[in-house]
Amino acid sequence: MAETELSRIFEVISDLYDHLYNHRDDDYSVFYIYSHLRSAVSDLLVALNHYEIEEDSYVNDILKSLYTFCDIREPSYETNQMAFNNVKSLYKLLMHDDI
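One point on numbering: in numbering that gives the first Met the number 0, the residue at position 67 of the sequence shown is 66, and numbering is uninterrupted.
Simulated from the structure, these hints should not be mistaken for lab results.
Among the clues, some could well be false.
In silico lysine to any residue, SDA-like type, Cα no more than 25 Å apart, as pairs [to be verified]:
#  : residue 1 : residue 2
1  : Lys91     : Glu73
2  : Lys87     : Arg7
3  : Lys87     : Leu44
4  : Lys63     : Leu93
5  : Lys87     : Glu2
6  : Lys63     : Leu47
7  : Lys91     : Arg7
8  : Lys91     : Tyr50
9  : Lys63     : Tyr50
10 : Lys91     : Arg72
11 : Lys63     : Asp42
12 : Lys87     : Tyr31
13 : Lys91     : Ser56
14 : Lys63     : Ser13
15 : Lys91     : Val45
16 : Lys87     : Ser64
17 : Lys87     : Ser34
18 : Lys63     : Leu92
19 : Lys87     : Glu10
20 : Lys63     : Glu73
21 : Lys87     : Ile61
22 : Lys87     : Leu47
23 : Lys91     : Asp26
24 : Lys63     : Tyr76
25 : Lys91     : Asp60
Could you put together the complete structure from these sequences and hints?
Set out below in structure tokens:
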């Protein structure tokens, strides 16, 4: 169950990633993507609480970065990109695959 939930969340984030590059200079789009990405990252962090993962310092650093991302008050293209890169790394570690 938890793996299916994680896969669904990763799919949502992957779909948002496509929109990021199409609207990199549009402030409204950056905020729109951030708000949906923040929600999906938050869902991911909650789902990971129910998923047994081997935590090491690299995984902990990624998770800390994602928690920080959820607290950002002024999103930018760069912060969105950073979150996507962290999610992609986490996906590779957890699912042993590439988004």
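Out of the numbered hints, which ones does the structure contradict?
-> 1, 10, 23
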